[in-house]
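Undergrad: Below, each chain spelled out in residue letters.
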Amino acid sequence: MEFPLLSLITFIPLAGALAVLCLPKDSRRAIEAAALAASAVSFALSVWLYFAFDRSTAAMQFVERHAWIAADAVKVDYYLGVDGLSAPLVILTTLMSLIALIASLGIKERFKEYCFWFLILEVGMLGVFESLDFFLFYVFWEITLVPMYFLIGIWGGPQKEYAAIKFFLYTLAGSVFMLLGILALYFKADPHTFDMLALMKIHGTLSFRFQVLAFLAFYFGFAIKVPAFPFHTWLPLAHVEAPTAISVILAAVLLKMGVYGILRVNYCMLPLGFEWFLPILVLIAVINIVYGALCAMAQNDMKKMVAYSSINHMGYCLLAIAGVSATGFSGAAFQMINHGIITGALFLLVGVVYDRAHTRDIGAFGGLAAKVPVFAGLMSLSCFASLGLPGMAGFISEFLCFLGAFPRWKIYTAVSVLGVIITAAFFLRMIEKVFLGPLNKRWADLPDMNTRELVSVVPLAILMVALGIWPKWALDMMNTTMVSLAGLFK
Amino acid sequence: MMIENVWLVPLLPLAASLVILFGGREREDSPMPFVGIAAMAASLYISLAVIFDAATGAAALPFEKEWLWYSFAANLGGQPSIFEMRAGVLIDGAAAVMLGVVCLVSLLVQIYSLGYMHGDRKFKRYFAYISFFTASMLGLVVSNNLIVVFACWELVGVSSYLLIGFWFEKEAPPYAAKKAFITTKLGDLGFFLALLLIFTYAGSYNLVRLKETVEMGYLPPMVLTLIGLGLLCGAAGKSAQAPLFIWLPDAMEGPTPVSALIHAATMVAAGIYLVARCYFFFLASPIAMETVAWAGLITAFLAGSMALVPYDIKRVLAFSTVSQLGFMMCALGVGGYTAGLFHLTTHAFFKALLFLGAGSVIHAVHTNDMRSMGGLSKRMPWTFLTMTVGCLALAGIPPFAGFFSKDQILEKVFEHSPVMFAVLVFTACLTAFYTFRMLFLTFWGDGRDHHRVDHAEESGAVMTVPLMILAALSLVSGWALEHGHAFASFVGSGGAAGHAAEAAGHAAAAGHAINPMVLAAGVTAGACFFIALAYSLYAGRDFSRAQRLKSLFQPVFDLLEKRYGFDAFFLGLVDLADRIAVLCRWVDIEVIDKVFVDGWGLLCRVAAEISHLFDALFVDQAVDGCGYVSRDIAGRGLRSLIARGQVQEYMLYLAVGVSLFAILK
Chain G
0 MEFPLLSLIT FIPLAGALAV LCLPKDSRRA IEAAALAASA VSFALSVWLY
50 FAFDRSTAAM QFVERHAWIA ADAVKVDYYL GVDGLSAPLV ILTTLMSLIA
100 LIASLGIKER FKEYCFWFLI LEVGMLGVFE SLDFFLFYVF WEITLVPMYF
150 LIGIWGGPQK EYAAIKFFLY TLAGSVFMLL GILALYFKAD PHTFDMLALM
200 KIHGTLSFRF QVLAFLAFYF GFAIKVPAFP FHTWLPLAHV EAPTAISVIL
250 AAVLLKMGVY GILRVNYCML PLGFEWFLPI LVLIAVINIV YGALCAMAQN
300 DMKKMVAYSS INHMGYCLLA IAGVSATGFS GAAFQMINHG IITGALFLLV
350 GVVYDRAHTR DIGAFGGLAA KVPVFAGLMS LSCFASLGLP GMAGFISEFL
400 CFLGAFPRWK IYTAVSVLGV IITAAFFLRM IEKVFLGPLN KRWADLPDMN
450 TRELVSVVPL AILMVALGIW PKWALDMMNT TMVSLAGLFK
Chain R
0 MMIENVWLVP LLPLAASLVI LFGGREREDS PMPFVGIAAM AASLYISLAV
50 IFDAATGAAA LPFEKEWLWY SFAANLGGQP SIFEMRAGVL IDGAAAVMLG
100 VVCLVSLLVQ IYSLGYMHGD RKFKRYFAYI SFFTASMLGL VVSNNLIVVF
150 ACWELVGVSS YLLIGFWFEK EAPPYAAKKA FITTKLGDLG FFLALLLIFT
200 YAGSYNLVRL KETVEMGYLP PMVLTLIGLG LLCGAAGKSA QAPLFIWLPD
250 AMEGPTPVSA LIHAATMVAA GIYLVARCYF FFLASPIAME TVAWAGLITA
300 FLAGSMALVP YDIKRVLAFS TVSQLGFMMC ALGVGGYTAG LFHLTTHAFF
350 KALLFLGAGS VIHAVHTNDM RSMGGLSKRM PWTFLTMTVG CLALAGIPPF
400 AGFFSKDQIL EKVFEHSPVM FAVLVFTACL TAFYTFRMLF LTFWGDGRDH
450 HRVDHAEESG AVMTVPLMIL AALSLVSGWA LEHGHAFASF VGSGGAAGHA
500 AEAAGHAAAA GHAINPMVLA AGVTAGACFF IALAYSLYAG RDFSRAQRLK
550 SLFQPVFDLL EKRYGFDAFF LGLVDLADRI AVLCRWVDIE VIDKVFVDGW
600 GLLCRVAAEI SHLFDALFVD QAVDGCGYVS RDIAGRGLRS LIARGQVQEY
650 MLYLAVGVSL FAILK
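In order, the protein sequences belong to chains G and R. For the first sequence, numbering that gives the first Met the number 0 gives the first residue as 0, with consecutive numbering after it. For the second sequence, numbering that gives the first Met the number 0 gives the first residue as 0, with consecutive numbering after it.
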């Protein structure tokens, strides 16, 4: 038997969660150590995955397959594997989880439960990206839901219950439709199977009407996660109410599950439905980009602004996918990683200022750059990365997104480019209002970032510059898979 | 061979900027600036060696060298495959000249800044930014890949943002920095779209390959025109062409040496250089060429007229830069490739000189307002002398540098269109007027604000020596480079666009040409006349005559002071965007979230209530009803009817029942 790398990456956090559960509530040190160790080992293994990953093949790698439920009526496998689309997302997940966990060390109340739910959440997210069996996929997908509900509902802000229930119900509604889609595909396949790779091969036998209906069922489930207009309103609320680390996870990883699903399921399994939906998808992408950016520009709350900027950035992914080209898919895949890193850093930094000032109102600050230069520098760097400044990771991926969509949707892409300047406008305005100008006397003794905060943000800052200068590190992993994806129906 | 190492030219200052930024602590006597100066000197050395090698024929131009940067999956020719993005250097005559100019000006600015910025709280950081700024510009100049050009282009934008807003503790600089960034970014949208078009239709970003593809005629004319216009948009943003010039006057909020750098070598030169670098696109599209010419012409005139009214010494210079950039753009548009680049080169020297001179003045009197100056010639002789050289060069008086390059442009423009020529000649006369208006207001007569002027002292050698070097260059560079067509033949040699450009120019020349001697004499006479006019209006102790003239043409002055309303227009645009944004926020919260999402929730709850009511009223009542029926009606009724305690009766019922079953079976 081969070394079960993916299983270890996925279930070491589960072991950590169980360990945390067994520890007494008062021994905070031990809980911290157990949680961090589990997350760190998982990350270390995914770094191994990065180096061991074969960049020359588009096939699934590190495959593990065992029968799980082997009844006569249903056959479900424990079936894991990654390719150039999912492997980077796995690495992103373990990285962002570790960083978010470090950022959570400041949590005071009910820390044990927090760590438990956090690690369960990590298991779910990793499983979604690795599963090659639809049943398993659905199980992991739902696993992410419950911890998120508690993490927002217990450790969130003033409106936490409302935000948590809204997130939960909205996503659950989506996944019910997704379940319908899964069952529909299962019964259409002959012999019946949940094997996702096998299901990618049956599209020839599926009628147009079936594909459209199944497409809509899956799309509804995934679009809520992305989030695509008009299913996006849970996001700003959930972000604002969630504790900092959870916002990071939400933006960096959870949203990617939606884009990943659209690519893996809607595009690969239902090509006719996909083709039929394209004109709508591109329109939604443009709305996400321009409307999301405009909404962000009108916000006074820093966190809400970053949340809406996520909607804008995920719009680039959708636009790229709508381009149905290898370039576009590369752009979308790379944009997912970069958005995770950059927006993750932005949420961490907003958390830093909120912890100190207990406000996120952009108008309440002024002139902070003179007072907290390190914080100002990191925040400006992240903002510039987010607005797609060349030399930073976001530029390459945004550019690939536009380049991928342009040949097919010239006018739509040209309109979307407006999103770039609106993004620049609201980030620069935020920088100006918060950091520049005369120092607001209210913050005369604001302390700069502490070690814990630096440890969580600086690696991300380094990554966003490194991937911008040398995108090869990420793109080489994806290229072969993207070529094969784009050639799937040629 | 030095040209092999030309890639070091942008990387040395880049490395220097990182060393300065992260190395050592912020101190007044920090040695870090010397790291930047040393790196710049090394870059200058390499650039000059490259120019020397190329001029003597030791190195062949164009020189190209590239490396693999990254690869991505792309659909080329409809087939998905892996595309290799290569990046490297491409040195032609124009690039070599630009390298020399940028390095030289940047070096002088940095040395000058040692004096100017002395004692600033962020002394070290300033030098880090300047090095980074120069590195970005040099990267833009050498790169052979349009994506890298665009990347450096944006980095130039960011560094200008950092430098314009350098004194961010004040109110105005951050605003000016943001304005500059957003305005140039607006132009960059066009550049960005052009890049998308280029890759979609030509499948490459390599300048050499693109030139081949375009010259083979593989691209449809419509696409070429769109690409040209897109590139022009980008260039208009960076090079402050109409109507995107609104950021440049505000950019004066930065430290004055930065203004010198922006206006002479980096940033605003980038736009002109981009058009020159991508000249083959423009040559392939007459519409794009014509648009470039008109954009330049309009900018030259508008900015030239706006420079007539301000009293802020730096704003006069800022508008004059815009106007001169218009000259260059116009030259490129009419096919005067070398003329445009020639003016770019000479202008870099005398504009850097003028700004550094203005900085020296501001350093001495602590104000930008020329109404508080006057009579400074005695107190600051070196500054006065060098600035006079700069003014003569800018006004185009022979034998100073500006005369030669402006003359070449006018010649080219006359061949193209006499109307444009007339406008440009008039603008050249305006140039002479506002340049000397500034000189007279600053240095002539007696000090108007004794408190300031009497305490003014000549700046130290660290500031005046760069002025003298630049003055020497402004004096000789025009004549020396014009001599024997040295500049033309160098820039044309192996130029990415050179030969074809000259060919286009010559084709037009068949129509009409002007006698160079007549042109030179006429323009010089015109300039002298306007200088005399400026003298009569502004050289006196007060300038009451100018005031009277102003009241006579009040509406014109108002229009000029309002900058033709362009600022108001763009501010209105921003305001509109803000309103739309607020509307979007409202729609998002009140309509999409409250009505659609929460509406669904409400609908579900109403449905739940209804089904609860239905449950309680009908289903449950029906159950209870059944109970009632079976207990109270059926039970009691039947019992009273048939259950009367007669065993025989029961037996009878039983027998009937059994026989019924038997029959049914």
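If you're looking for bench data, these hints aren't it; they were derived computationally from the structure. Keep in mind that the hints are not guaranteed to be accurate.
What the hints assert, rightly or not - Straight-line Cα separation of at most 35 Å, DSBU-like style, residue types lysine-lysine; simulated pairs:
1. R:K121 / G:K432
2. G:K159 / R:K121
3. R:K210 / G:K432
4. G:K432 / R:K377
5. R:K593 / G:K370
6. G:K107 / R:K593
7. R:K549 / G:K432
Undergrad: Hint by hint, note whether the structure agrees.
TA: Going through the hints against the structure:
1. R:K121 / G:K432: 21 Å, holds
2. G:K159 / R:K121: 44 Å, violated
3. R:K210 / G:K432: 45 Å, violated
4. G:K432 / R:K377: 45 Å, violated
5. R:K593 / G:K370: It is violated: about 40 Å lies between the C-alpha atoms, which goes past 35 Å.
6. G:K107 / R:K593: It holds: about 34 Å lies between the C-alpha atoms, which stays within 35 Å.
7. R:K549 / G:K432: Violated, at about 39 Å.
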